[in-house]
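Novice: Quick note, the sequence shown lines up with residues 1 to 69 if you use full-length UniProt numbering.
Do not rely on the hints blindly, as some may be mistaken.
What follows is a list of derived Cβ distance ranges for each label pair [claimed, not checked]:
1. 25 / 46: 14 to 24 angstroms
2. 38 / 8: 30 to 40 angstroms
3. 48 / 19: 13 to 23 angstroms
4. 11 / 45: 18 to 28 angstroms
5. 34 / 3: 14 to 24 angstroms
6. 35 / 14: 30 to 40 angstroms
7. 49 / 7: 11 to 21 angstroms
What the hints contain is simulated information worked out from the structure, not anything from laboratory work. Glycine residues also receive a C-beta, built at the ideal position from the N, C-alpha and C atoms.
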Amino acid sequence: MPTFPYNNFQLVMTAVRDISVGEEICVSYLDECNLGRSRHSRIAILRYRLGRFFFSCMRGGVAKGNKNI
1 MPTFPYNNFQ LVMTAVRDIS VGEEICVSYL DECNLGRSRH SRIAILRYRL GRFFFSCMRG
61 GVAKGNKNI
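Using the sequences provided together with the hints, build the complete structure.
Specialist: What follows is the structure, given as structure tokens:
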């Protein structure tokens, strides 16, 4: 679980396996409880938590026409 142990904006994470050079690491802004919600709900949660929230991920871009993704 990512943490902020220094009470600043520095995120600390521990890998559960070796990470290869150049391998992409993805961090979700949502906890696991909210990942299964509809696209509309996820965006509403992020906007509530983060204020002005804009996304450009592939899933969000592809899902614009479908509220259930």
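Novice: Now, for every hint given, state plainly whether the structure supports it.
Specialist: Going down the list of hints, with the structure as the test:
1. The supplied range of 14 to 24 angstroms is met by residue 25 and residue 46, whose beta-carbon atoms lie about 20 angstroms from each other.
2. At roughly 33 angstroms, the beta carbons of residue 38 and residue 8 sit within the given window of 30 to 40 angstroms.
3. Between residue 48 and residue 19 the CB atoms are about 32 angstroms apart, so this pair departs from the stated range of 13 to 23 angstroms.
4. Remark: the range hint 18 to 28 angstroms for residue 11 to residue 45 is upheld by a beta-carbon distance near 19 angstroms.
5. For residue 34 paired with residue 3, a C-beta distance near 19 angstroms keeps the hint of 14 to 24 angstroms intact.
6. A hinted range of 30 to 40 angstroms for the beta carbons of residue 35 and residue 14 is inconsistent with their spacing of about 21 angstroms.
7. Evaluation of the 11 to 21 angstroms hint for residue 49 and residue 7 yields a pass: the beta carbon distance comes to about 18 angstroms.
Going through the hint list in order, the structure does not satisfy hints 3 and 6.
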